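2 protein chains.
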Amino acid sequence: MDHSIRILTEEMLRACVPLDRQAISLVGNAFSALSGGAVVMPPVLSMNLPEVHGEVDIKTAYIPGFNEFAIKVSPGFFDNPALGLPSLNGLMVVLSARTGIVEAVLLDNGYLTNVRTAAAGGVAADCLAPKVVQTAGVIGTGVQARLQMKAAHLVRSFERVIVWGRDRGKAEQCARDLQQDLGIPAEVSDSAADLVARCQLVVTTTPATEPVLQANWLHPGLHITAMGSDQSGKNELDPDILARADLYVCDNQRQCETLGELRTAQAAGYLVGSSLPELGAIVRGAVSGRVSEEAVTVCDLTGTGAQDTAIAAHALAQAAKADQGFSVPARIG
Amino acid sequence: MDHSIRILTEEMLRACVPLDRQAISLVGNAFSALSGGAVVMPPVLSMNLPEVHGEVDIKTAYIPGFNEFAIKVSPGFFDNPALGLPSLNGLMVVLSARTGIVEAVLLDNGYLTNVRTAAAGGVAADCLAPKVVQTAGVIGTGVQARLQMKAAHLVRSFERVIVWGRDRGKAEQCARDLQQDLGIPAEVSDSAADLVARCQLVVTTTPATEPVLQANWLHPGLHITAMGSDQSGKNELDPDILARADLYVCDNQRQCETLGELRTAQAAGYLVGSSLPELGAIVRGAVSGRVSEEAVTVCDLTGTGAQDTAIAAHALAQAAKADQGFSVPARIG
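Top line first, the protein sequences correspond to chains A and B. In the numbering used here, each residue's number is its place in the first sequence (first place is 1) plus 121. In the numbering used here, each residue's number is its place in the second sequence (first place is 1) plus 121.
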């Protein structure tokens, strides 16, 4: 049987799949399906390669009703910058959900992961941040610092953004980029504590292994999204934050228990042995999100295969519509 | 940085990567590295999709000294034949072992898996079969029945081949194909017991979940390779065979304990709690293989990510030499 496989490069995918409300909406729907229990999502396959200072993570998920599912390969090779190469790259393979036949290869170098990760932050802000956010803050100065603030701004039209990072120069560059991108004033804070004090919405985007945000900084009407921890050694939030918050929400409880902020909180004896609310349950209205403007809420994002399948299916549809991609003839059978 | 990714179709890979002595040799070297402990090989990621009668397995392994490593995606969707499509297909992604950057995508629809699986049978026959094999037999009538006999014939120049399968018509077709391919007489046996009685080398290639080969059929000077079981529900050999054999060898003990013949044997109380010889240890001379022409030997093959990395690296080198493949421009960074 004649068959063709669509190959899309990062450049094509950047043109087809912007970080926009549609991306936030479809990632929200993926969370909804995931927390509804219909999604098949095996544990992440992680291969650690100390010999070359590298690691590879493979994620996948099948979402009923989707025509495709994605398998995402995310390598991280941390000696790459010395070679002039980025540490993170990778691709997604898209398979038919009916036949398993390869439909497309998305050579995104991690771009789609960046979009679906930021979109998850947008979903969290939409479900959990106070209705009125005047000032949003981001801890960290990398790609996700920029994208998380962009996603949050799509759902809460805050008037000011504050950046804090260990490297003041990088924080200043991040603030300049955000000011230009969002068209609002952006500034650098002298400390993470000062940033939190002045914000109603804070996103942590660091690879920290020790808390960068302390429980005694909490104040009424604060929402925190911690998206940096996606491995068992990482930790951004003081465990007491999870204990003291009025509402703690995870993207996927099984993953957060091993890879997220929930891991250190449970190690400290908090939130143990209970079924915790997942973001998707709030999206579909099965669980309440923020119940008052004064509440303190926390969302723990580790990144799920369901998001990958959702963004990959969207990317493929957008590319088909725009007639983008290389077509490789691949006879089957 | 400018970068290009090589995309190879099944047709190109069939032309570049025949099942030959070189394939057997390189798979033998992969086993050698695997049993030497230097290979990083995470457990198989398995996703079961009962809703669509499908499954997906993902295997990978890093072999020190190789420039690349492969990630193999193997979907099996068992309603496909009704659609005129094969049940099994899939692809391999080849990454640089130094930077993690995607080098190639091998759209092999399972062809390379067929080659590396048959090559493993060739390694097993070479290490374990009697020096003189006059008659070889195969139980099963599918693609691997043909390829296993072809691989075995590359290492033992037997004069006759016997086929047995539940479907006599398929067994006859398989025998005709083997007679033509190997250029030796091929016949169909009336029973598996009769086949075993007349052979010095037997390969089982079935998806059986109950034994197709019984312990009371064993005779001096017999080698059996069981390559059908690669999942926890499968079983081709009577567990007593593993207990009675003079030598039992596995491709990878951890995998065979959950996916291979070793699983049912250990459930019956045999070979429990000990470190068992792996095929690679015999390849590199760390462990003895067959010690006499009269011995009964058994090899249990479940299929390893190390084989995938070895065959993928070989395929990429052959394709580069032949200047085969589509080149996709994929700027990095």
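Hints listed in this document are in silico derivations from the structure and should not be mistaken for laboratory results. Everything numeric in this text was worked out from a predicted model, so none of it was measured. Careful: at least some of the hints might be erroneous.
Because identical chains cannot be distinguished in the list, a pair is counted as satisfied if it fits within a single copy or across any two copies.
Simulated pairs of lysine to any residue, SDA-like, Cα-Cα distance not exceeding 25 angstroms [to be verified]:
(1) Lys291 x Asp247
(2) Lys271 x Ile453
(3) Lys252 x Ala203
(4) Lys291 x Gln301
(5) Lys442 x Arg452
(6) Lys355 x Pro164
Against the structure, the hints come out as follows:
1. When the C-alpha separation of Lys291 and Asp247 is checked against a cutoff of 25 angstroms, the pair qualifies neither within a copy, at 28 angstroms, nor between copies, at 60 angstroms.
2. Only between protomers do Lys271 and Ile453 lie at most 25 angstroms apart by alpha-carbon distance; the minimum there is 24 angstroms, versus 43 angstroms within a single protomer.
3. Taking CA atoms no more than 25 angstroms apart as the test, Lys252 paired with Ala203 passes in neither setting, with 45 angstroms inside one copy and 53 angstroms between copies.
4. In this assembly of identical chains, the alpha carbons of Lys291 and Gln301 lie at most 25 angstroms apart only when taken from the same copy (15 angstroms versus 69 angstroms across copies).
5. Proximity of Lys442 and Arg452 under a CA criterion of 25 angstroms is satisfied in both settings, with 23 angstroms inside one chain copy and 23 angstroms between copies.
6. Taking the shortest alpha-carbon separations for Lys355 and Pro164, both the intra-copy value of 18 angstroms and the inter-copy value of 23 angstroms come in at or below 25 angstroms.
Comparing the model with each numbered hint stated earlier shows that hints 1 and 3 do not hold.
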